[in-house]
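A.B. asks: So the sequence lines, in the order shown, correspond to chains F and X.
Just so we're aligned: the first sequence equals residues 1 to 272 in our numbering.
Just so we're aligned: the second sequence equals residues 273 to 493 in our numbering.
Hints are not guaranteed to be accurate.
Unchecked claim - Pairwise CB distance ranges, derived in the manner of DEER restraints: (1) F:Gly90 - X:Ser450: 15 to 21 Å; (2) X:Gln452 - F:Pro25: 22 to 28 Å; (3) F:Arg99 - X:Lys319: 36 to 42 Å.
To be clear, the hints were calculated from the coordinates, so they are not data collected in a lab.
By construction, the Cβ of each residue, glycine as well, lies at the ideal position given by its N, Cα and C atoms.
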Amino acid sequence: MSPYGTPGGFGTPAGPTVFDPATLPCDDNVNAYTFCVELKGSQWFLQKGKMIAYYGSMEFNGVGHGRLDRLVRTSFHSPLHASDWVVAEGSGKMLLADRAFDVNSYDLEDGNLTIRSGNLLAFQPTLALKQSIVPGFLTLIGTGKFVAASNGPVVFMEPPIRVDPQALVGWADCPSPCHHYDHGYMTGVMGGLRALTGLGGASGEEHQFEFVGAGTVLLQSTETLLAEQATGAVPSGAGVPGAGGTHTSPSQTAGTQRLPGQLGDLQRRFGL
Amino acid sequence: MGTAGYLRCVAMFRLQGSKVLAVDMTGDAVKAKNGSMVAYDGQMAFKKMSGGGEGLRGMVTRRLTGEQMTVMEVKGHGTCWFADRASEINLVNLQGDKLYVESSNLLATDAGLRTGTSFTGMRGASQGNGLFTTTVEGHGQAAIMSDGPAVVLRVSSQYPLTVDPGAYVAHQGNLRQSFQSGVTFRTLMGEGGGEAFQIRFEGDGLVYVQPSERNTIAGDV
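Using the sequences plus the hints, can you model the full thing?
C.D. replies: Below is the structure:
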């Protein structure tokens with residue numbers, strides 16, 4: 001028997017829990033910051049570089065990989081940010097984590113959920129990933145599990161509700177999202193001046209997102225946003241929100257208008 | 273096994289919360305990262321140890337390998353608390369085996385443990401941490417730091433483990449590590465799998481990984 005054979009460490013109460021493939025949870029959290037995915041010949045989509053360790057044999061391929069064409073056609077519908085995603089396949093157990101943020105898994109059953117692009121970590125290919133009409137958000141449709149990161153634990157709220165823009169993680173089952181402004185700050189010359197300059201006291205909470213309708217709203221417990229992931233530009237056309245490259249991440253702003261089918265700038269791919 | 277070691281080292285390491293290490297001492301000593309003391313109770317003496325307290329040879333080796341470590345020796349009666357930039361702290365029990373850890377992730381060790389440097393090869397290079405790492409050996413306790421609580425994974429002959437170099441923190445035991453590179457023409461085209469560099473551990477021991485990735489050369493490739 002090896003000295004590392006007993007789970008729970010070396011018999012001291014202070015010893016950390018030791019995991020091996022048999023004791024690691026299956027598609028569940030190891031702790032608040034680490035999630036374990038079990039692959040049995042199946043596939044998962046994950047954001048580049050979020051795998052921290054794995055047991056077993058696995059392969060990680062960019063979604064541009066030719067063999068994955070069919071899978072990408074059925075469950076990956078935002079080709080313009082494809083270079084940020086990889087497909088893991090094989091068998092074994094894999095640990096996912098994101099900059100020591102809280103991670104949680106969510107189950108969708110024939111449902112839909114829209115999430116801020118920077119928060120989504122991984123999803124099962126039974127779900128389809130699409131760009132949301134709301135710039136900077138992605139929508140998952142179908143049945144399956146996905147993993148999302150948040151700054152602090154996530155709370156679930158029922159609409160009607162008004163939320164702080166920075167605390168919003170996403171929403172499920174289509175409540176209608178819209179902007180809401182406190183009218184005291186929007187009416188009259190003084191109100192306008194106050195809103196613009198902050199003179200005379202702006203609370204910083206004059207602008208909220210309002211959700212009405214049936215569904216669930218997901219909030220994180222801080223107002224510190226996770227770094228936004230590029231969701232890719234949408235084809236320019238009349239009536240398309242965010243079209244014409246107006247919604248871009250900082251790494252994209254330097255570039256010119258993106259061509260349809262262009263997968264990503266070389267600089268971003270190499271993390272420069 | 274290892275009880276003899278425990279009877280000899282009376283400095284007791286315990287965690288107070290997950291980010292503060294408390295050490296109870298009765299006249300014995302611990303080595304800790306310079307400046308990491310946040311509070312103490314009782315009588316304590318702090319002494320800076322040049323070159324990690326490894327003597328002249330250790331000092332020269334550390335200077336040459338770039339594994340600099342500024343260490344102080346804390347000795348006394350009472351309780352001393354240590355913390356460093358709100359990093360998560362993990363306790364490691366050593367019973368005659370060897371712990372390999374980056375000097376920047378090592379917070380405190382029992383004074384009875386020997387520290388040294390060892391060559392890591394390509395793993396260190398891929399982490400951006402240099403080619404050498406710190407070793408801790410003997411009987412006693414050590415405290416290592418990580419960004420987010422570390423997950424401890426066991427490696428045995430039937431379960432080899434593959435780790436992302438950016439998430440690797442430390443390992444202990446009798447492990448062989450090999451460096452795997454999945455760089456293909458697709459990586460150069462920007463269509464790589466995002467996990468081009470990996471370290472594979474085989475043998476018998478424990479590996480500590482943190483739920484966050486340092487920026488490495490392999491970053492987005």
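A.B. asks: The structure should be examined with respect to each hint, and the outcome stated for every one.
C.D. replies: Structure-based check of each hint:
1. For the pair Gly90 of chain F and Ser450 of chain X, the beta carbons lie near 18 Å from each other, so the given range of 15 to 21 Å is met.
2. One distance hint, 22 to 28 Å for the beta-carbon pair Gln452 of chain X and Pro25 of chain F, holds here, with the actual separation near 26 Å.
3. As the Cβ distance of Arg99 of chain F to Lys319 of chain X is approximately 37 Å, the hint placing it in 36 to 42 Å holds.
Of the numbered hints listed earlier, not one is contradicted by the structure.
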